[in-house]
Every structure is written in C-alpha cells, then in structure tokens.
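Produce the entire structure from the sequences given, and follow the hints as far as they go.
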Amino acid sequence: MTAFLINLATLAAISGILASTLNFIVGYAGIFSVAHAVFFGLGAYGGAQVALLLVPNPFLACLVAAVIAGGLSLCLALPALRVRGEYFVAASLGLQMVAATLFAELKPLTGGIGGLVGIPRPELFGMVVPVLPLALVALALILWATARLQRGAFGRTLQSIRDADTAAEALGKNVNAAKTLAVAFACAGAGIAGALYALHLSFINVESFTLDQSIQIMAMVIIGGAGTLWGPLVGAVMLLSLPAVISFIPFIPPTEVGAVQQIIYGSAMTLLMIFRPAGLLGDMSKGKSTS
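Per the numbering used here, the sequence shown runs over residues 128 to 418.
Certain hints may be false.
[Unchecked claim] Between beta-carbon pairs, the in silico distance windows are:
no., residue 1, residue 2, range
1, A386, I240, 20 to 28 Å
2, L201, I376, 39 to 47 Å
3, G253, G299, 47 to 55 Å
4, P380, V194, 37 to 45 Å
5, S394, R278, 28 to 36 Å
6, L398, W271, 58 to 66 Å
7, G221, N303, 30 to 38 Å
8, I133, E213, 37 to 45 Å
9, P370, F186, 28 to 36 Å
10, P206, I376, 44 to 52 Å
11, S394, L268, 47 to 55 Å
12, A294, G245, 41 to 49 Å
To be clear, the hints were calculated from the coordinates, so they are not data collected in a lab.
All residues carry an ideal CB built from backbone N, CA and C; glycine is no exception.
This is the structure:
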C-alpha cells in the first residue's frame with residue numbers, strides 16, 4: 128500500500144506540473160491548446176535518452192527535456208500563434224496528431240510502438256533517489272514562477288491579451304512576443320514533467336502522449352479552475368485519484384475502469400460548464416477565474 132501511495136503521489140505531482148503549465152497559457156493568456164501531451168512526450172523521450180546514453184542525473188535530464196520542449200515549442204508556436212481562437216485549437220490538434228505518429232515511427236529515438244524500456248532510476252552522487260521529492264520541488268518552483276509572472280507586468284500583459292488581444296495590440300503590447308514566451312514557459316515545464324515521468328516509470332511509449340492525454344490535462348485545468356493558481360493542481364489530484372477510487376467499487380469490472388473514467392470526465396466537464404464555468408476554485412462572483 129505504501130508503494131501504491133508513493134506512486135500515486137508522484138504521478139499526481141507530475142500531473143500537477145502539466146496542469147499548472149497548461150493553465151499558464153489557457154487561464155492567463157487565453158491560448159487554448161490540445162497539444163500539451165506533445166511537449167510532455169518530447170521531454171519524456173529527451174530525458175529518457177539522457178539517462179540511457181549519458182547519466183541518469185535527474186537535473187541534467189530535466190534541463191535537456193526543458194530545452195528540447197521549450198525550444199521546439201518556439202519553432203512550432205511562432206507560425207501557429209499568427210492565428211487566433213478556434214484556428215489555433217485546430218492547429219494544435221493537427222500538431223498532436225502528427226507528433227503521435229512521429230513518436231510511433233521514429234524507432235531509433237522513441238523505440239516506436241514498443242517504447243523505451245530499462246530507463247535507469249535517477250541518481251545523485253551515486254545514490255538512487257526517488258522521483259517524488261524531485262517532482263514536488265519542480266511543482267513548487269513552477270507554482271512559484273507562475274505566481275510571480277502572473278502578478279508582474281508580464282502577467283498583466285497576458286491577461287490583457289486574454290481579455291482583448293486586439294485592444295492590447297492597439298495599446299502597444301507586443302502580443303506575439305508575449306504569447307510566444309508564455310508558450311515556451313509552459314512547454315518547457317511540460318518537458319520537465321516528461322523527464323520526471325520517464326525516470327519514475329523506467330518505461331515510456333507513445334500511448335502516454337496521445338490526444339487523450341492532452342484532453343485529460345485540459346480537463347484538470349477546466350475542472351479545477353482555469354486562471355487560478357491552485358485550481359489545476361486540485362483538478363490534477365482529483366482526476367488522477369479517480370481510477371484508484373473506481374477500482375475499489377466492487378461492481379465495476381477492472382476492464383471497464385477506463386471507460387467509466389472517461390464517462391465521469393466528460394460528465395464532470397459538462398456539468399461544470401453549465402453550473403460552474405469558472406471551475407471548482409474559480410471566482411463565480413466576478414464571472415471569471417482569478418488567482
């Protein structure tokens with residue numbers, strides 16, 4: 128039971144990083160992306176290759192993962208951010224579909240459908256270290272950075288873009304630059320989550336980085352409350368704990384846990400959009416989410 132709880136807590140912390148970084152662009156900048164799992168995957172494969180080919184140092188793996196995910200996000204975001212609203216959602220959907228195919232086909236880098244196995248456990252000073260404290264530290268740093276950025280001039284620029292990007296541009300704000308930096312920060316954070324995920328499980332494959340994963344991360348943000356600091360973390364813990372809770376219900380066969388989980392996800396998001404569109408921690412009195 129202890130090992131189960133440690134595993135659940137580790138995955139919850141990693142999911143919290145994913146939800147918090149996606150919230151940075153969705154909640155604060157109004158950029159809706161359904162391709163966050165792409166950068167999660169880039170970080171996972173990058174971090175795994177560092178551990179397999181070089182050394183299983185978690186800091187080096189996370190650094191490489193952040194550079195790969197953040198750097199590639201710049202190459203991909205610069206043209207995509209020229210479009211707005213539903214067009215960007217469509218562009219990110221296309222990116223997600225292409226990336227999932229590439230993850231499955233680039234066998235020398237990703238292991239193909241079979242994935243990468245035997246990823247070494249993280250080591251510091253010659254000692255194996257658990258991923259949980261590393262993930263908690265990374266999550267705390269992400270939350271701290273998010274809070275600082277959101278309360279500063281950059282955060283106010285993002286919020287003005289979210290509320291009315293045309294007006295922000297008319298006021299002299301560099302909309303494209305602000306959006307690009309926000310996307311780079313979010314995707315670099317997703318890359319760090321990916322590296323920690325690979326080091327924790329010692330095995331990764333494309334199934335963890337599909338559209339379903341991107342939608343699940345988005346669900347964490349929406350259910351917890353987009354544009355809030357703690358909402359996405361609450362959503363991540365709730366949705367990640369759901370399969371464990373369902374598995375203890377005696378009349379649900381183990382083979383149906385995934386299907387029941389998807390039904391609950393969809394129902395929860397639908398009900399929230401109707402009765403509490405700001406999410407669980409959103410500020411309903413103002414009609415929008417606040418931190």
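Now the hints, each set against the structure:
no.: 1; hint: A386 x I240: 20 to 28 Å; verdict: holds, 23 Å
no.: 2; hint: L201 x I376: 39 to 47 Å; verdict: holds, 45 Å
no.: 3; hint: G253 x G299: 47 to 55 Å; verdict: holds, 54 Å
no.: 4; hint: P380 x V194: 37 to 45 Å; verdict: holds, 44 Å
no.: 5; hint: S394 x R278: 28 to 36 Å; verdict: holds, 35 Å
no.: 6; hint: L398 x W271: 58 to 66 Å; verdict: violated, 32 Å
no.: 7; hint: G221 x N303: 30 to 38 Å; verdict: violated, 20 Å
no.: 8; hint: I133 x E213: 37 to 45 Å; verdict: holds, 41 Å
no.: 9; hint: P370 x F186: 28 to 36 Å; verdict: holds, 31 Å
no.: 10; hint: P206 x I376: 44 to 52 Å; verdict: holds, 47 Å
no.: 11; hint: S394 x L268: 47 to 55 Å; verdict: violated, 34 Å
no.: 12; hint: A294 x G245: 41 to 49 Å; verdict: violated, 53 Å
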